[in-house]
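**Q** The listed protein sequences correspond, in order, to chains G and P.
In this text, residue positions in the first sequence follow full-length UniProt numbering: the first is 1, and each later residue adds one.
In this text, residue positions in the second sequence follow full-length UniProt numbering: the first is 1, and each later residue adds one.
Watch out, some of these pointers could steer you wrong.
Pairs involving identical chains hold if they fit within one copy or between any two copies, as the list cannot separate such chains.
Said to hold, decoys possible - Taking lysine-lysine and the DSSO-like style, the derived pairs with C-alpha atoms no more than 27 Å apart in a straight line are: (1) Lys453 to Lys377; (2) Lys406 to Lys351; (3) Lys203 to Lys344; (4) Lys344 to Lys406; (5) Lys23 to Lys299.
Bear in mind the hints are in silico, worked out from the structure with no lab data behind them.
Values in this document were obtained by computation on a predicted structure and should not be read as measured data.
The chain contents come next:
Number of protein chains: 2
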Amino acid sequence: MLAKAQVLYDFTAEPGNNELSVKEGETITITNQNIGGGWLEAQNSRGEIGLVPEDYVEVRPWGTHRVKGAVCSHSHTRALVLEEWTSSAGWSFSSDACLFLQSNGNDPWAVFDTNASGGFSNNWAAQPEGTETGRTGSSVWGSSAQGHPQAYQGPGKPLRLCALQSQRIECTQDVGPVWEYPETQLDCVVADPKKGSKMYGLKSYIEYQVTPNTTNKPVNHRYKHFDWLYERLLDKFGSAIPIPCLPDKQVTGRFEEEFIKMRMERLQAWMSRMCRHPVISSSEVFQLFLTYKDEKDWKMGKRKAEKDETVGVMIFSTIEPEGVPDLDLLEVEQKCEQFSRFTKAMDDGVKDLLTVGQEHWKRCTGPLPKEYQRIGKAFQNLSSVFNSSGYEGEATLTDALTAAGKTYEEIAQMVAEQPRKDLHSLMETNNEYKGLLGCFPETIGVHKAAIEKVKEADKLVATSKITPAEKVTMAKRLSTMSYSLQAEMNHFHNHRIYDYNRVMQLYLEQQVKFYETIAEKLRHAHSQFTTM
Amino acid sequence: MLAKAQVLYDFTAEPGNNELSVKEGETITITNQNIGGGWLEAQNSRGEIGLVPEDYVEVRPWGTHRVKGAVCSHSHTRALVLEEWTSSAGWSFSSDACLFLQSNGNDPWAVFDTNASGGFSNNWAAQPEGTETGRTGSSVWGSSAQGHPQAYQGPGKPLRLCALQSQRIECTQDVGPVWEYPETQLDCVVADPKKGSKMYGLKSYIEYQVTPNTTNKPVNHRYKHFDWLYERLLDKFGSAIPIPCLPDKQVTGRFEEEFIKMRMERLQAWMSRMCRHPVISSSEVFQLFLTYKDEKDWKMGKRKAEKDETVGVMIFSTIEPEGVPDLDLLEVEQKCEQFSRFTKAMDDGVKDLLTVGQEHWKRCTGPLPKEYQRIGKAFQNLSSVFNSSGYEGEATLTDALTAAGKTYEEIAQMVAEQPRKDLHSLMETNNEYKGLLGCFPETIGVHKAAIEKVKEADKLVATSKITPAEKVTMAKRLSTMSYSLQAEMNHFHNHRIYDYNRVMQLYLEQQVKFYETIAEKLRHAHSQFTTM
């Protein structure tokens with residue numbers, strides 16, 4: 001599906017210049033986003049195609065909701081940066097009271113603990129740009145550079161939540177907050193692994209071709225680039241969104257075909273999962289990874305992403321719950337507890353299934369086919385003994401016995417090969433979920449710590465560590481965090497339902513085929529014996 | 001199928017007496033052999049039914065070949081005893097030169113060894129009746145009481161061999177010597193095990209009902225009666241025919257339903273195999289077991305059978321190869337070697353299959369269903385975790401997951417129960433054959449010892465231990481033994497082909513059903529997931 005765009009200003013095409021005239025308010029379809037030079041190729045409702053200035057239209061990657069403000073284009077993503085924006089949750093880019101700071105470590109609330117013993121400091125808000133933020137995990141939430149949102153290097157847009165229903169699963173009731181989803185779901189194909197080398201062939205590596213469905217233009221990436229992307233996404237979104245690990249690094253045997261194929265499959269699954277996430281898929285760093293134009297573009301984008309300060313809990317500052325009331329503490333706690341219980345239980349369930357699956361895999365590739373092989377050999381052996389009887393008229397029996405024996409040998413091979421056909425995807429999906437679920441304890445930990453801090457707020461007010469107004473802001477922000485967690489859980493549930501439906505269907509389909517094929521083979525073997 | 005009989009003498013029915021007139025040479029069908037009082041009920045070709053004197057007809061239990069001589073009736077079997085008969089192989093019931101004697105032990109040729117050191121004795125031929133013969137395994141071959149065949153208490157008829165083709169298996173070539181088979185195959189049903197007691201309830205036992213297809217009249221037997229029959233058959237036929245052991249004796253748990261059922265099934269298989277053997281099935285002792293009239297009849301028959309002197313190698317004296325030339329030593333040796341190799345190889349093959357089968361049985365009833373159960377539980381567990389998500393709209397998934405889980409639990413049960421349905425009969429048949437094959441080394445041992453003795457014959461003639469005429473007789477008798485062994489092997493092969501065809505069909509049929517049922521169950525489980 002092609003992306004739609006809304007025309008923001010009238011534009012009149014210059015004749016003979018391959019341009020398309022558009023009117024404000026008109027909806028057009030982007031047919032090529034990669035024209036460059038500030039132009040897009042688009043098609044209007046009458047089917048006419050032509051070039052339109054990028055700045056004159058608003059591309060809508062996350063739905064049809066219009067967001068106030070001007071449009072400016074980044075290198076590749078069509079992101080909205082608001083000139084002056086204050087979110088409904090109370091975030092703004094003015095030098096707001098900086099309550100939630102993270103100095104270092106992974107706990108965004110560590111500063112509170114520090115302050116509890118050493119006095120509350122508000123100075124971080126005024127900390128100059130470029131100071132220890134980003135990669136080390138230190139991050140600022142609710143604060144940024146002073147005054148101007150332009151200076152804010154976040155995801156470039158508020159991550160909006162709205163109370164939409166899930167579109168994948170029939171759902172008669174409201175599921176609660178959900179992320180705003182793009183009309184067209186991003187996806188990409190990871191394929192065509194090629195051996196590359198550098199330093200005059202001294203260093204070899206495998207390069208994968210990654211082709212997004214938006215541009216249909218392949219870009220090349222090595223595993224280490226995926227790893228770089230993972231680190232960026234983890235830094236940037238890890239507090240709100242589980243970012244599953246990449247498939248295992250491996251040094252030995254990494255040029256073996258089997259390994260490359262497996263890694264590619266897992267990178268594909270990881271990328272697809274990231275593409276399916278509305279927040280991640282529309283982020284600048286992710287778009288850079290998928291659609292960089294050339295080496296220079298890639299390097300510049302990398303540098304920019306590495307300097308991104310909207311990392312850690314700062315991600316919550318970019319989230320705007322839309323048209324929903326603030327949640328009270330009790331509700332937040334209940335939701336958090338519910339998610340904690342669920343993810344823990346599912347983690348156990350998934351691990352249990354994985355253990356069972358691994359054992360079944362072992363049996364299916366080890367003793368079981370050996371046994372079928374031995375049954376097959378025993379029949380064939382008996383057949384050749386019978387053949388040596390010197391008794392006339394048993395060719396039918398010995399042929400049938402040999403055929404039956406061979407059938408069991410075929411079954412042995414089928415049994416041994418079957419796990420790759422069915423158990424494999426079940427295991428891969430569950431492994432993916434194991435990875436995802438492994439991220440939740442931290443996400444939920446951040447959440448729980450925030451709850452504790454809000455619970456302490458009264459004491460902080462009493463000891464004049466914070467003002468009553470700051471306490472209100474804290475609660476408001478916790479409400480946003482909760483909405484974010486709920487949206488993420490809903491995203492998780494939605495995709496979980498889809499994934500498990502799909503993988504179970506796949507598994508059972510292959511299982512049915514497997515047993516049907518065996519039955520068919522045995523039916524044939526049976527037919528070769530004489531009916532007397 | 002009803003037995004046919006040939007009318008030996010004209011008989012004119014007395015009016016109003018329910019009799020049937022018959023003419024010499026006419027073929028009639030016996031409709032009731034158990035009329036008693038010297039009468040049979042028979043039907044002629046025009047469909048008329050009436051009574052005919054037993055002595056006027058020759059019932060043909062082993063085919064249509066007419067045997068010269070008069071017909072006399074034993075208690076229940078319709079056996080031919082020839083008034084004066086000399087078999088083509090040179091056996092006769094006159095006081096023939098007694099060359100082959102067995103004094104004691106199982107080696108019928110032991111006397112030669114004894115004589116080699118202690119002088120050759122011909123005296124055994126004149127040994128009075130009732131002297132140490134029979135049960136202890138000592139037996140006389142080629143000798144019997146003097147002069148009169150009436151005194152000979154053997155199987156009551158010569159066991160005839162003829163070069164018939166197998167009737168079971170399409171066979172384009174002559175298979176060599178075969179036993180003469182009855183037109184109607186004897187069979188019986190072992191059923192209805194009942195607990196009986198004696199000594200005022202102090203001793204309990206299980207009594208089985210045995211119903212032969214000839215009389216359709218059930219008789220009762222305890223396991224110990226079967227065991228008695230086994231001992232009689234082993235004594236009488238063991239040198240020529242493999243008599244497989246009975247199912248294991250068991251003292252503890254022998255009143256448990258499962259055990260009784262299993263023992264009954266095995267007694268049935270054993271009885272059916274005995275019934276299928278033309279020599280055994282037509283023997284007096286076997287007929288007594290199946291058709292005794294009352295307790296007195298049974299006891300008398302038992303006493304008679306226990307006194308039977310035609311035991312051990314004596315059985316060969318009752319075998320008459322029909323219309324075939326004597327075999328030379330080389331041929332005899334070659335055949336013997338061939339059978340020895342084959343039975344050894346088949347014994348190995350059968351044991352191998354049994355080992356494989358036992359392991360498969362263990363896996364099918366042990367770890368495999370446990371694994372399917374665990375898979376089933378893991379799916380159901382995941383389903384109940386999903387159910388606790390609080391997310392709306394996943395009832396379809398959780399229901400389907402539960403159903404899939406239950407399906408795998410059902411499969412677990414199916415897997416565990418399957419061996420009883422298919423592997424069981426395969427194992428039982430192979431166990432039967434293991435038992436049969438275990439008898440061959442002894443049978444072949446008897447044969448090989450006879451070959452060695454015939455090889456030594458020249459030396460014996462040279463040292464005047466035997467006359468040249470006796471040497472010729474020895475060779476002739478060895479030829480008969482070889483024909484007997486060949487007939488037995490052909491019987492074995494014929495039934496082996498039938499049995500393995502049948503059991504493999506049964507096995508594969510059940511296997512097909514098993515896999516089809518699983519596929520069907522999984523197809524149903526699959527259909528419950530949403531197609532998206």
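**Q** If a hint holds in the structure, say so; if it doesn't, say that too.
**A** Structure-based check of each hint:
no., hint, verdict
1, Lys453 to Lys377, "neither (70 Å within a copy, 41 Å between copies)"
2, Lys406 to Lys351, "between (38 Å within a copy, 20 Å between copies)"
3, Lys203 to Lys344, "neither (43 Å within a copy, 64 Å between copies)"
4, Lys344 to Lys406, "between (48 Å within a copy, 24 Å between copies)"
5, Lys23 to Lys299, "neither (37 Å within a copy, 117 Å between copies)"
Taken one by one, the earlier hints fail for this structure at numbers 1, 3, 5, listed in ascending order.
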